[in-house]
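K.L.:
One letter stands for each residue in the lines below.
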Amino acid sequence: MRKVLHADGATLAKQMAEPLEALIVPLMSGYDAVLFPASTTGKNAAPRVAAKLDVMQLSGVIGVENATTFVRPIYAGNAIITVEDNQAKKVLTVQPTAFKAAGEGGSASVETTAAPAGPFKSAFVSEEMAKSDRPELTAAKRVVSGGRALGSSEEFHRVLDPLADKLGAAVGASRAAVDAGYAPNDYQVGQTGKVVAPELYVAVGISGAIQHLAGMKDSKVIVAINKDEEAPIFQIADYGLVADYKTAVPELMDELTKAGL
Amino acid sequence: MKVLVPVKRVLDYNLKVRVKPDGSGVDLSNLKMSINPFCEIAVEEAVRMKEGGGGHAKDAATEVIAVSIGPEQAQETIRNALAIGADRGILVKADGEVEPLAVAKILKAVIEAEKPDLVILGKQAIDDDSNQVGQMLAALLDWPQATFASKIVLHAGKATVTREVDGGLQTLDVELPAIVTTDLRLNEPRYASLPNIMKAKKKPIDVKTPADFGVDTAPRIKVLKTAEPGKRSGGIKVKSAAELVGKLKEAGVL
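Chains as they are written, first to last, in numbering that gives the first Met the number 0: chain A, 0 to 260; chain B, 0 to 253.
FYI, nobody ran anything at the bench for these hints, they're computed from the structure.
Yeah, the Cβ is synthetic: ideal placement off N, Cα and C, and Gly gets one too.
Treat each hint with caution, since some may be false.
Label pairs and their in silico Cβ distance ranges [unchecked claim]:
#1 B:S192 - A:P95: 39 to 47 Å
#2 A:S108 - B:E75: 55 to 63 Å
#3 A:D160 - B:G53: 27 to 35 Å
#4 A:G180 - B:E227: 29 to 37 Å
#5 A:G180 - B:I235: 33 to 41 Å
#6 A:K226 - B:K92: 48 to 56 Å
#7 A:K165 - B:K236: 19 to 27 Å
#8 B:D11 - A:E198: 32 to 40 Å
#9 A:K2 - B:G233: 46 to 54 Å
#10 B:K236 - A:K2: 48 to 56 Å
Capping the alpha-carbon separation at 35 Å, the derived lysine-lysine pairs in DSBU-like fashion look like this [unchecked claim]:
#11 A:K216 - B:K150
#12 A:K130 - B:K248
#13 B:K114 - A:K88
#14 A:K226 - B:K236
#15 B:K248 - A:K216
Let's have the full structure, built from the sequences with the hints guiding it.
P.N.:
Structure follows, in structure tokens:
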């Protein structure tokens with residue numbers, strides 16, 4: 000990183016799409032490409048920038064082969080396409096979990112750039128953020144996820160929260176668990192939820208629907224705990240434990256304690 | 000209030016995706032195609048605005064128009080929207096892949112002709128997973144946007160929209176006309192009843208082409224290759240939590 004442009008202003012407080020577009024589009028006369036993380040903020044703003052530059056955007060990029068060739072998943076990761084983008088300006092959203100973090104210790108200069116003045120036709124009203132000391136799901140090195148087998152919201156948190164805390168992990172859930180109301184929407188890992196690729200993914204009581212696998216199959220090590228030995232999750236798990244979570248999770252907690260965690 | 004709902008025809012979400020052995024794309028031949036699930040949610044929300052329901056006053060929407068850009072068979076997708084309760088359809092006939100930017104340009108022209116107060120569309124199609132059209136359309140029109148909506152409340156001249164964002168929920172006010180894109184939990188679409196499916200057959204569908212709107216649909220991005228994702232082979236079964244922790248230590252993830 001050679002240079003950081005810093006824009007600070009009230010219109011940017013919530014990083015909404017219209018002010019981000021107003022900030023970034025004029026800057027693009029001096030740049031060939033703009034990359035956004037494939038977060039809800041990035042996904043919200045990037046296409047506005049692309050449209051204003053009259054270029055097609057590449058979404059959810061997981062590989063860069065050269066300056067014009069990129070790799071991205073389609074059909075929720077069930078197919079991977081390699082594409083050539085020869086447009087004069089490139090607008091990409093990138094899947095952060097697909098790339099190794101660059102090392103720290105650079106010496107970029109920081110320049111101030113003006114925040115857009117507005118007014119804009121959308122206004123922030125309020126937000127309700129889940130309060131948690133745990134790492135953010137998409138950035139976590141370890142993730143503990145629960146499925147419908149947990150049976151209730153109380154049970155979901157009673158079983159998974161201590162395990163997550165012991166592992167320093169984020170908590171995720173299958174769509175079935177979210178739809179059943181056991182876990183909040185933003186816990187959902189899968190095709191229609193979040194895509195995660197932690198070092199360790201522990202699936203508890205998750206059967207492993209395609210929709211869920213699409214969101215976690217790139218994890219480095221996958222552990223599955225399920226009492227149904229036919230559960231599809233075992234086909235992709237590195238380590239499968241066929242057991243009832245009610246006994247297996249407490250035993251796992253004890254063993255982790257013994258291992259010094 | 001007039002509401003426009005763009006809808007896309009995609010491979011049915013229950014079907015397994017198969018990559019063609021020669022790497023030229025995904026095999027769609029003879030497979031069931033359906034309305035994109037997020038688009039169906041958009042149609043349902045618009046129809047609730049007309050019928051009353053989902054927190055909307057009856058007749059909050061006076062007319063719901065479904066638009067699809069795609070092949071002749073996208074008529075079926077529009078009929079699907081009409082069976083849910085949309086009033087009429089517009090098919091912009093285009094064969095082959097039409098990229099999000101071109102779709103947004105066509106929709107902009109449709110909107111300039113139809114002058115809706117609100118456009119509701121799916122946050123993404125489950126085929127190309129681009130998640131772009133709504134935002135691009137908002138930018139091209141210089142309209143405000145509220146993406147990933149889980150709740151929409153209409154007021155005079157504005158909408159209050161709750162959005163699903165990383166880490167929680169965000170609520171915005173957008174001035175109308177505006178673009179709203181739907182997330183999965185905005186509503187649960189109804190099953191269209193047989194009488195409504197029959198009625199839908201009689202509703203009008205206007206057929207256009209991209210050329211009618213002066214939009215060039217030539218792709219900007221060239222797909223070089225389509226591949227199966229890397230297969231993950233299953234690992235081993237462990238017998239106990241103790242053995243599991245041992246393996247995890249060996250793997251260096253504890």
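K.L.:
Range first: 55 to 63 Å. Now tell me if the beta carbons of S108 of chain A and E75 of chain B are that far apart.
P.N.:
For E75 of chain B against S108 of chain A, whose Cβ atoms are near 57 Å apart, the range 55 to 63 Å holds.
K.L.:
CA of K114 of chain B to CA of K88 of chain A, is that 35 Å or under?
P.N.:
Within the cut-off at roughly 32 Å; holds.
K.L.:
Taking the Cβ atom of K2 of chain A and the Cβ atom of G233 of chain B, is their distance within the range 46 to 54 Å?
P.N.:
This hint holds: roughly 47 Å between Cβ atoms.
K.L.:
Checking one constraint from the list: CA of K226 of chain A to CA of K236 of chain B, max 35 Å. Satisfied?
P.N.:
Roughly 12 Å separates the two Cα atoms, so the pair holds.
K.L.:
Given the hint that K216 of chain A pairs with K150 of chain B, does the C-alpha gap stay at or below 35 Å?
P.N.:
The hint holds at about 31 Å.
K.L.:
Within 33 to 41 Å or not, the Cβ separation of G180 of chain A and I235 of chain B?
P.N.:
holds, 35 Å
K.L.:
Between K130 of chain A and K248 of chain B, does the CA-CA distance stay at or below 35 Å?
P.N.:
The given pair, whose Cα atoms are some 31 Å apart, holds under the 35 Å limit.
K.L.:
Holds or violated: the 48 to 56 Å window for the beta-carbon distance between K226 of chain A and K92 of chain B?
P.N.:
holds, 52 Å
K.L.:
Is the hinted range of 48 to 56 Å satisfied by the C-beta distance from K236 of chain B to K2 of chain A?
P.N.:
Since the Cβ atoms of K236 of chain B and K2 of chain A sit about 52 Å apart, the hinted range of 48 to 56 Å holds.
K.L.:
Indicate whether the distance between the beta carbons of G180 of chain A and E227 of chain B respects the range 29 to 37 Å.
P.N.:
At 35 Å between Cβs, range holds.
K.L.:
Cβ-Cβ distance between K165 of chain A and K236 of chain B: within 19 to 27 Å?
P.N.:
holds, 23 Å
K.L.:
S192 of chain B and P95 of chain A, beta-carbon distance inside 39 to 47 Å?
P.N.:
holds, 45 Å
Checked against the numbered hints given earlier, the structure satisfies every one of them.
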